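Take the sequences, apply the hints, and build the full model.
As they're listed, the protein sequences go chains A and B.
All letters in the first sequence, in the order written, are residues 1 to 359 by our numbering.
All letters in the second sequence, in the order written, are residues 1001 to 1389 by our numbering.
The hints are simulated quantities; they were obtained by calculation from the structure and are not laboratory data.
Please read these numbers as outputs of a predicted model, since none were measured by experiment.
All C-beta atoms, glycine included, are put in the ideal place defined by N, C-alpha and C.
Careful, some of the hints might be misleading.
What follows is a list of derived Cβ distance ranges for each label pair [what the hints assert, rightly or not]: (1) A/T306 - B/M1237: 41 to 47 Å; (2) B/M1237 - A/A45: 46 to 52 Å; (3) B/A1340 - A/G185: 47 to 53 Å; (4) A/E268 - B/A1035: 53 to 59 Å; (5) B/R1303 - A/A42: 37 to 43 Å; (6) B/D1135 - A/R14: 37 to 43 Å.
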Amino acid sequence: MEFGFSEDQLLLQRTVRDFLAGECSPEWVRGQWETETGRSPAFWAQLAEMGLPGLLVPEVHGGLGMDETDLVLLLEEIGRAALAEPVTATSVGVGLLRGLEDPASAERWLPKVAAGEAVLAVGHAESPFVADAHVAELLLLARDDEIHALPRAAYDCIAQPSNDGAQRLFSVEPEPDGGTCLARGAEATALSQAALDRGALCCAAEALGVCEQLIALAADYAGQREQFGVPIGSFQAVKHMLADVRVKLEYARSLVYRAAWSVARSAEQETPSRAVDVSMAKLAACEAALAAGRSSLQVHGAIGYTYEQDVHVWMKRAWSLDLAFGDSVFHRERLCAGVVDGALPAESFGYSHPRARSD
Amino acid sequence: MDLRYTAEQEAFRKEARAWLEANVPKDPLPSFDLAEGFEAHREWEKKLHAGGYAMVPWPVEYGGRGSDLLEWLVFEEEYYRAGAPGRVNQNGIFLLGPTIMEVGTPEQKARFLPKMASSEEVWAQGWSEPNAGSDMAAIQSTAIRDGDCYVINGQKTWASRGAYAHWLFGLFRTDPDSSRHKGLSFILAPLDLPGITVRPIQKINGKAAFAEVFFDEVRVPVENLLGDEGAGWNVAMATAGFERGLMLRSPARFQSTAGRLVDLYHAARNRSDRVAAGMRERVARCWMDAEAYALNTYQTVTRLLAGGKIGAEASLNKIFWSELDIEMHEAALELLGPRAELDPQAPGAGDVGSWLEGYVFALSGPIYAGTNQIQRNIIAERLLGLPRK
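Right, here's the structure in full:
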């Protein structure tokens, strides 16, 4: 039993943090909002050099062969920097390709992903929209009992502009026919569920970084801004508001790391509680990020409500992440189905509750 | 990261489960805030000690089992699973004990820890004073060195278990010219010394959960000083870390309450009681938060085993578990409907059980061990770097 990260894992996290601190400033993020695609192939190439898109790609296909317990730490950094490049979608796509019984597609696509030459997009049942379908080389559609793979030339994108300049959503058409199907039946169902869980986990990890950054912005501002002759951060009304968000962040983080373990383990063996573990992580992390947005905005006051100030850059990330890979309604329902209804396996960590005595 | 238990940990779990199933009293003991309940709980502690489970993470020579903190969490999980009695000596074993382990002399460890582990000596906590509550550095009680003794004068209050305990640990001003955090010392005092008067205080349910303790020229030998003279504040902060976090409030306590809450929800639904539309999710949220607390504790233990220290993070714990405890009990009382206010012995009480008693206790959570407002200040100042003034 060891609930922590290795030196190597933390070192990689620091490397990505330092890189993003240098290369992905709020000004750069805002600049990307104004570009046509909103995405930067040059930046993606740099991420690929650090191994990010290929982190989950097996080494035999040129990737790092790591798992979700490595990935979540890096996604936190991506959230902290408000970077919108499609690392999450590509990671989910890698998981899908890796899981297929027929290895042909994995052999064809995974080396390209690892080399930074192919972005993947993923459509799933919980959203009518697909993020970053416009820049993907391959679109994977995870349906209830079919997995389809469509190369870029095989589908059209209809833009669905979002309030978040960083978010690029699309409807894709036409609905695929049999020719693009990679898996059916039970195999496809299991892969689709795994894809949704992996995506939700990734969004939760990003939300942790978003939350932490929103708190940091507020703490920094509260330490400098003076009213009544003192920094506003010396007032308990301000302190307590930020402390409450810091509490939420702390416990969301534990749920996210546990969910990362469940998702990573499920590659090798059944982890029955994975769905509930992931839903708890997604709910807690997104709620923490949303709450941090509200508090950070409040601490900044009117200046925080302006377009010029950066608080909304992260607030909008929180809104988008909350909706991606299952919104809160979906995950709340899964939580209840598991914990209360017993319709999904839910496992207490360590403690096992004795069966209730019948009345 | 590896979230699997080792074969040894699993074996220990099995062993502890079997022992507890065979030994935990079938009926709940009377409250340890009543004289008869206090003694009944000491009897239970004696049994636990004889079984080798009184304080599993302590070294064998002090009455423990020599386990690490992970095994201790496993033991706690089994303890709550078995529905075993509350720990009457929790101020001793969970707060003072670890502090003595950290800063005590070999003589102090040998003198105090074994009798603490067996609950032969039960401890009360003496920190607050009438004019030093949240502002603990305002302590005025003095302990002035006179030869081989400290002479203590003053008054402590809200001493938990003070009504029946044998010993008290507390902070006293050893330098009468000092102020605030300086000049305080951590001193251990037997409560039967001449000059000590204990006046029990009833908590809101009428039970004597704590006491006022008056000191009038009380002579305590100098060997009862814990840590250095004048360093009491820092010693007390180490104790507070244990109190706010994993020692006093290990996660299984809340996981078991959450599990009982889910059971209660089903019982209400099965009887077709009125159940509010949002109750299903409210119950699930409580369960989720108890899980989050458990996972966070395992993270903390991993950090401590790697040589880390409990720091200001303990304040995050304190807020989280105390508010969760209240939320769980309020959800339970709502599920019980019009019976929620009944005494468990009332003819119409049915399965009200101990929820109301638990709720009354939970209400003290945001107050003791440093109010939650004080914890929020600590988080803001020490974790987020906000200015003190």
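Evaluation of the provided hints:
1. A/T306 - B/M1237: 41 to 47 Å: 42 Å, holds
2. B/M1237 - A/A45: 46 to 52 Å: 51 Å, holds
3. B/A1340 - A/G185: 47 to 53 Å: Given range 47 to 53 Å: holds, Cβ gap about 51 Å.
4. A/E268 - B/A1035: 53 to 59 Å: 57 Å, holds
5. B/R1303 - A/A42: 37 to 43 Å: 39 Å, holds
6. B/D1135 - A/R14: 37 to 43 Å: The hinted range 37 to 43 Å holds for B/D1135 and A/R14, with Cβ atoms some 40 Å apart.
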